[in-house]
Amino acid sequence: AFGGAGIAKGAMALGLTKASALNVAKASMLGLGGAMGGVEGAQAADQAGLTGFDRQLGAMIGAAKEVGTELIPFEMGTETALARRVIGAGKPSRLINPILSEAVMEIIDPIFSEVGEEGLGQLAQNAGIRALAPDDKQPGIFDDVASSAFWGGVGGGVFGGINLTLADGTEL
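Start counting the sequence shown at 1110; every next residue gets the next number (this note's numbering).
These aren't lab readings, by the way, just hints derived from the structure by calculation. Note that beta-carbon positions come from the ideal geometry of N, C-alpha and C, so glycine has one too. Treat the hints with care, since some could be wrong.
What the hints assert, rightly or not - Within a straight-line C-alpha distance of at most 30 Å, the following computed BS3-like cross-link-like pairs (lysine-lysine) qualify:
| no. | residue 1 | residue 2 |
| --- | --- | --- |
| 1 | K1127 | K1200 |
| 2 | K1200 | K1118 |
| 3 | K1200 | K1135 |
| 4 | K1135 | K1118 |
Stated by the list, open to error - For each label pair, taking beta carbons as the anchor points, the in silico distance ranges come out as:
| no. | residue 1 | residue 2 | range |
| --- | --- | --- | --- |
| 5 | A1240 | G1124 | 43 to 49 Å |
| 6 | K1127 | G1158 | 44 to 50 Å |
| 7 | P1243 | G1124 | 52 to 58 Å |
| 8 | L1275 | A1144 | 25 to 31 Å |
| 9 | T1126 | D1245 | 50 to 56 Å |
| 10 | G1140 | K1200 | 22 to 28 Å |
| 11 | F1111 | A1236 | 27 to 33 Å |
Sequences and hints are given; from them, build the entire structure.
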């Protein structure tokens, strides 16, 4: 999130519009997220005893689940919130309806978003590795889903708290 904010600010300094600068930040964060997901997928493949092309597929599954869960259901709202604030591009759309105060929603929404992202991502990775791994080394379909969702929620709460304290146009 901090890297994306810096990239968005730099893109604005180069004369890009707010929308274009935000797209550059999203692309860079997706690239980094995909690389990190690829490493996670390769590690999961290693644990399942996969080698060669199957290990490479495991890494691709990890990259795809990371990028896919960012883009498809959750639209990178938590990840881009800081960049939006720094370049004055407004707030991301809400995942859930704002039934509580705006300040509470600044923290609650990213928690739910990140719980979903990380939990679904782990489930998808487990399913992909199960399809490749021999029967005796297959991960359980729900292995680590709860802990991934929990730590995603913790991270979402931290980012929500940071975003809550910053006003639009904040200099980093």
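To see whether the hints hold, each was checked on the structure:
1. K1127 with K1200: Measuring from Cα to Cα gives roughly 13 Å; hence the hint holds.
2. K1200 with K1118: holds, 16 Å
3. K1200 with K1135: holds, 15 Å
4. K1135 with K1118: holds, 13 Å
5. A1240 with G1124: 43 to 49 Å: At roughly 47 Å between Cβ atoms, G1124 and A1240 fall inside 43 to 49 Å, so the hint holds.
6. K1127 with G1158: 44 to 50 Å: holds, 48 Å
7. P1243 with G1124: 52 to 58 Å: Holds, since P1243 and G1124 (Cβ atoms, about 55 Å apart) stay within the stated range.
8. L1275 with A1144: 25 to 31 Å: holds, 27 Å
9. T1126 with D1245: 50 to 56 Å: Since T1126 and D1245 have Cβ atoms about 55 Å apart, the given range 50 to 56 Å holds.
10. G1140 with K1200: 22 to 28 Å: Distance hint for G1140, K1200 holds at roughly 24 Å.
11. F1111 with A1236: 27 to 33 Å: holds, 32 Å
The structure shown violates none of the earlier numbered hints.
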